[in-house]
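Chains as they are written, first to last, in the working numbering: chain A, 44 to 379; chain B, 44 to 379; chain C, 44 to 379; chain D, 44 to 379.
It should be emphasised that the hints constitute simulated quantities derived from the structure, not laboratory data.
Treat the hints loosely; a few may be bogus.
Identical chains share a label here; the pair holds if one copy fits it or two copies do between them.
To be verified - Derived lysine-lysine pairs resembling BS3-like cross-links, with alpha carbons at most 25 angstroms apart:
1) 147 x 370
2) 370 x 93
3) 313 x 154
4) 246 x 153
5) 288 x 313
6) 93 x 153
7) 93 x 82
8) 98 x 313
Just so you know, these numbers come straight off a predicted model, no measurement behind them.
There are 4 protein chains.
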Amino acid sequence: MIRAGVIGAVGYAGRELIRLLGIHPEAELVAAIELESGKSLGEVMPALAKTTSVKLETFDAERLAEQCDVVFMALHGGTSMDLIPPLRQAGVKVIDMGPDFRLKNTADFKKYYGMEHRAPELLDEAVYGLAPYYRERLATTSLVAVPGCYVMSVLFPVRPLVDGISRDFPVIVDAISGLSGAGRALHEAFHFPEMNENVRAYKLGMHQHTPEIEQELGGDVMVQFSPHVGPYTRGILSTITFRPKAGLDVAKCYERYAGEPFLRVLGEGKLAEVRFVRGSNFCDFGWVMDKRTGNLIVVSAIDNLFGGTAGMAVQCMNIMFGLDETKGLNFGGMAP
Amino acid sequence: MIRAGVIGAVGYAGRELIRLLGIHPEAELVAAIELESGKSLGEVMPALAKTTSVKLETFDAERLAEQCDVVFMALHGGTSMDLIPPLRQAGVKVIDMGPDFRLKNTADFKKYYGMEHRAPELLDEAVYGLAPYYRERLATTSLVAVPGCYVMSVLFPVRPLVDGISRDFPVIVDAISGLSGAGRALHEAFHFPEMNENVRAYKLGMHQHTPEIEQELGGDVMVQFSPHVGPYTRGILSTITFRPKAGLDVAKCYERYAGEPFLRVLGEGKLAEVRFVRGSNFCDFGWVMDKRTGNLIVVSAIDNLFGGTAGMAVQCMNIMFGLDETKGLNFGGMAP
Amino acid sequence: MIRAGVIGAVGYAGRELIRLLGIHPEAELVAAIELESGKSLGEVMPALAKTTSVKLETFDAERLAEQCDVVFMALHGGTSMDLIPPLRQAGVKVIDMGPDFRLKNTADFKKYYGMEHRAPELLDEAVYGLAPYYRERLATTSLVAVPGCYVMSVLFPVRPLVDGISRDFPVIVDAISGLSGAGRALHEAFHFPEMNENVRAYKLGMHQHTPEIEQELGGDVMVQFSPHVGPYTRGILSTITFRPKAGLDVAKCYERYAGEPFLRVLGEGKLAEVRFVRGSNFCDFGWVMDKRTGNLIVVSAIDNLFGGTAGMAVQCMNIMFGLDETKGLNFGGMAP
Amino acid sequence: MIRAGVIGAVGYAGRELIRLLGIHPEAELVAAIELESGKSLGEVMPALAKTTSVKLETFDAERLAEQCDVVFMALHGGTSMDLIPPLRQAGVKVIDMGPDFRLKNTADFKKYYGMEHRAPELLDEAVYGLAPYYRERLATTSLVAVPGCYVMSVLFPVRPLVDGISRDFPVIVDAISGLSGAGRALHEAFHFPEMNENVRAYKLGMHQHTPEIEQELGGDVMVQFSPHVGPYTRGILSTITFRPKAGLDVAKCYERYAGEPFLRVLGEGKLAEVRFVRGSNFCDFGWVMDKRTGNLIVVSAIDNLFGGTAGMAVQCMNIMFGLDETKGLNFGGMAP
């Protein structure tokens with residue numbers, strides 16, 4: 044059994060990870076770090092009662108390295124970069140679900156996260172946890188940076204097409220996320236009576252997932268990313284519009300995904316929906332070629348907490364520890 | 044008192060119109076046409092019980108012309124074009140909330156609605172019911188074609204900027220609507236357990252509101268329109284992305300709306316939300332200029348049934364009958 | 044025109060009242076009191092922008108009495124009892140939508156609101172604002188205590204039956220409210236991702252509306268009140284179970300409501316639903332007699348903010364000022 | 044590996060069962076029966092694509108008995124009683140998630156399901172699949188009748204207290220369910236715009252789960268069952284009110300559940316919520332003793348599709364096949 048710890052156990056990403064570890068046949072949660080130390084997980088999160096007897100503790104790198112084979116980080120930007128260096132020094136493998144080690148360019152990090160990077164020496168070591176693209180490096184690394192949720196919903200459908208995208212105009216990404224993506228911090232805008240029956244856009248032109256998408260598309264595709272939130276809990280739908288170069292054969296580009304266990308290529312004229320990926324590790328996508336305008340529109344769906352965060356983190360763990368990649372993840376979508 | 048009739052009383056647009064007439068100080072519902080003739084409105088639509096004693100009747104152009112000063116049509120595409128000619132002949136004014144008389148180009152009508160237009164002789168007479176732009180003609184016409192709901196959410200913010208839009212790339216419109224926009228016909232995709240917690244795109248590149256937007260933007264701006272539905276009942280949020288020509292002064296272009304009673308220009312960096320327009324005749328919009336990409340992103344919100352359909356229809360009626368344009372419509376948004 | 048002020052303008056009850064005054068043909072908002080003084084209503088509540096130019100002010104009883112014919116109080120329990128005495132002294136009529144003057148028994152007030160009543164001398168003057176039962180007294184009073192929202196959903200169907208209710212067992216009231224009833228204060232339990240797709244009970248056996256219901260049922264019927272909240276914004280559904288005495292003729296008891304403009308008696312076997320009263324001043328109810336068990340089950344629905352608060356407050360105002368009682372309130376339910 | 048088949052694969056209970064089998068470490072789906080035979084499960088239910096290669100077939104008892112060790116029935120009342128006799132004759136074990144074999148009294152079956160029972164000879168053999176109460180018989184039976192979802196939400200908290208319940212008045216059960224409980228058949232009342240933001244009661248005094256609850260409470264407790272549906276997808280909240288006999292020690296009665304893996308006794312003053320059991324096999328409950336009225340109010344929560352149907356079916360399978368009872372079911376609640 045892989046012994047796993049989680050730092051940031053009570054946040055929404057942490058909760059989902061703990062839920063997934065609870066049913067993983069070859070991994071178990073042995074340590075959980077959070078501000079509310081001393082309490083049991085079930086006390087703080089009644090949904091998890093009777094599934095684990097782990098108690099919340101305070102952070103101690105040495106102790107975690109003894110207790111755990113791997114530690115997952117489920118923290119806001121700017122916090123894991125202080126905790127990962129001591130963890131790595133103590134010799135434990137780390138899977139970071141936060142953003143600190145995703146961007147290779149520290150200037151971008153400063154611009155989008157508003158602070159200097161304080162552990163740039165680890166950026167080379169950190170492997171970007173997009174399993175279908177970094178499998179080999181994931182198998183041998185000890186530090187993984189799991190991609191952002193919006194980012195995965197864009198990279199899976201767009202990266203195979205990148206050579207066929209015209210650079211004359213940005214790739215337009217209009218994405219909508221359920222509110223779990225906004226986390227557990229209270230905010231008037233997310234008070235139930237304010238957000239129910241509402242839709243809103245936010246951070247237009249300045250969302251921190253923009254440079255991450257651009258980095259992983261090769262650096263020369265400009266992305267216009269417009270995120271929204273809608274009145275539901277889980278799931279991202281991304282509608283991606285761009286101009287293809289002449290002769291782009293979309294279906295052929297996606298043939299590389301035939302063996303991917305968690306990517307479902309729906310085909311031309313078939314559009315992804317949130318309902319089919321909820322509660323699963325899948326990313327679904329399909330597309331429409333608009334001959335009138337010459338644009339290609341791709342629609343993708345992912346569960347932001349599962350496939351978009353904790354599920355991909357577990358998939359990376361499976362690869363790092365030589366397990367079957369799908370272990371503990373083979374859920375169909377929860378519909379309804 | 045203006046005596047009003049409605050054809051298609053039980054559909055969602057018809058219901059909203061009846062609700063608005065119920066509180067209009069100078070208009071009253073006197074006739075309602077629907078398949079379920081013989082029943083009272085309150086029997087068929089319990090929400091309206093005790094607010095009206097009108098009974099559903101079958102269509103009879105002569106009788107309607109005697110009973111009514113104005114008849115509202117709340118029908119699917121392809122049905123009002125057969126009923127309006129006899130009504131106009133009988134001499135009654137008509138406000139059509141359906142699509143039959145919006146497109147001036149009958150080839151576009153055939154392409155997007157899948158049928159020949161059967162009353163093209165009325166297309167010249169029909170005034171496009173976009174009050175801020177056609178006020179003078181509305182004051183004297185007897186036939187109004189109320190614009191589509193998505194269309195208004197795009198035209199209000201984009202039309203003042205049209206001279207400043209680069210023609211090198213389409214205007215990208217990603218819009219999301221509440222489910223009331225899909226009407227009352229049962230469909231598996233709109234069964235509550237299927238649509239709750241879901242988001243989906245539909246009719247990409249072929250939605251019938253596309254040519255209507257293009258027509259009213261002057262005919263030489265190409266629109267890439269991608270509509271979605273989300274898990275809520277009322278309201279459209281449209282996110283509109285395009286490349287402005289150098290020197291476009293957005294705020295200045297919107298000065299023309301200062302006196303408009305139902306358009307609220309939020310300003311730069313302020314984004315519209317569905318919650319502020321729900322249950323009202325307002326269309327809100329604001330924008331972000333992304334200097335990095337050179338694109339302008341405008342976000343607008345409208346209540347698809349109120350401001351986007353029945354409210355605009357009543358506003359047109361007010362103009363046609365010489366009333367204060369805001370009569371019966373001066374609602375603030377229902378938030379929460 | 045009746046000149047109206049509102050104290051507590053930004054809370055959800057205050058907002059709804061302002062929205063209703065905005066379309067009332069014979070009343071207008073002239074003053075609004077709230078902590079955020081100095082700002083315009085539209086700045087603080089974007090939904091109301093362009094519908095009023097009133098600015099928020101601080102409380103000043105003398106000035107309010109000069110500006111206004113009537114002042115509405117939209118405050119939490121324990122705050123209006125300090126502000127109403129100076130307002131009454133300054134001579135202005137007051138309609139209190141909060142709870143301070145509903146309970147005639149100050150011991151009950153202390154027990155359920157946790158504080159001594161500080162203006163008991165006004166309790167005799169205060170008329171309970173349940174229009175169908177206190178019309179005559181409302182016509183001449185200067186101080187009204189609008190009933191609680193849950194309370195109205197119970198009193199309308201149960202009060203006419205009170206002589207026919209067995210005293211052997213309590214009247215069981217299981218009610219569910221939309222989240223707008225919880226107000227605008229942030230709370231983890233009402234954070235969107237926590238409350239969406241959730242239902243919860245609260246304050247079982249100790250909700251402050253319990254003594255109010257019992258008072259208005261005559262004081263000798265015991266009520267077991269179990270309130271819940273569900274994942275929606277507006278509307279209360281109350282399911283009321285009790286044992287009728289032999290021979291109770293329910294339909295006959297309800298004949299007294301035939302002329303009531305806002306009570307809709309649906310009849311036996313017909314059950315009220317939230318969707319038909321949303322956005323209206325109606326209270327709907329129907330019932331089932333279960334012969335097997337000998338129990339009667341009544342189901343009622345009301346919009347907690349409209350019919351259950353602000354709408355009833357306006358109805359009281361109409362009566363106090365000699366207007367037609369339905370003025371400004373004749374909305375059908377907003378469905379969908 | 045246990046080879047499992049499912050009849051009624053496309054209904055909501057069938058889908059959930061297939062999802063659960065997909066991650067069960069010692070069971071696998073090998074056959075699926077539904078009207079749409081010939082298609083793959085992933086074609087008909089995109090949420091399940093890439094998780095199974097099983098194709099839908101028509102019913103054939105002999106073939107199923109060869110392919111499967113156990114067959115789950117996920118059908119409406121009145122259909123499984125015709126299919127189970129041939130399956131049992133062919134020698135395969137059967138777990139029926141529908142209602143046909145729950146009621147021991149065929150007169151009750153006729154009264155509540157509107158038809159004669161056509162396989163009464165199997166009623167003795169059928170073991171009621173309430174695991175905590177029928178474990179020993181489940182271990183050796185070949186036919187299980189999984190309880191109704193509402194029923195479990197009532198029996199778990201009430202059965203241990205049954206000796207302490209006064210018979211003077213019925214046990215009042217007011218329960219609310221998410222819409223997945225209504226199944227996939229289209230109905231105007233469950234069209235998204237009609238049911239969103241709505242709550243409604245139904246089948247008051249005549250719901251078919253009433254006799255099932257009464258049967259399992261021993262036959263001499265009368266139950267007044269009032270079911271509701273609310274605007275969400277999954278989960279039942281049951282609020283249960285009754286008069287306890289003097290001296291009832293609730294906490295002590297629940298001590299018998301200390302070792303139950305899926306029952307969480309929250310304690311006095313702690314109330315269950317749907318959010319903590321969603322996506323899990325748990326039933327949570329807590330209670331309030333109202334000293335003023337002398338009533339006890341218990342609130343329980345269960346996921347109608349998981350803990351309330353498919354999860355309990357899998358738990359029964361685990362017991363029948365000698366596996367650890369929690370195998371494949373140890374999920375924490377999905378919150379958010």
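Against the structure, the hints come out as follows:
1. Taking the shortest Cα distances, residue 147 and residue 370 never come within 25 angstroms of each other, neither inside one copy (30 angstroms) nor across copies (43 angstroms).
2. Within a single copy, residue 370 and residue 93 get their C-alpha atoms as close as 23 angstroms, and across copies as close as 14 angstroms, so both meet the 25 angstroms cut-off.
3. Within a single copy, residue 313 and residue 154 get their C-alpha atoms only as close as 37 angstroms, which misses the 25 angstroms cut-off; across copies the closest is 22 angstroms, which meets it.
4. Taking the shortest Cα distances, residue 246 and residue 153 sit within 25 angstroms of each other inside one copy (16 angstroms), while across copies they are farther apart (40 angstroms).
5. In this assembly of identical chains, the alpha carbons of residue 288 and residue 313 lie at most 25 angstroms apart only when taken from the same copy (22 angstroms versus 35 angstroms across copies).
6. When the C-alpha separation of residue 93 and residue 153 is checked against a cutoff of 25 angstroms, the pair qualifies neither within a copy, at 42 angstroms, nor between copies, at 40 angstroms.
7. Taking identical chains as interchangeable, the C-alpha atoms of residue 93 and residue 82 lie at most 25 angstroms apart only when both belong to the same chain, with a minimum of 14 angstroms there against 40 angstroms between chains.
8. When the C-alpha separation of residue 98 and residue 313 is checked against a cutoff of 25 angstroms, the pair qualifies only between copies, where the shortest distance is 21 angstroms, while the shortest distance within a copy is 46 angstroms.
Against the hints set out earlier in the document, violations occur for numbers 1 and 6.
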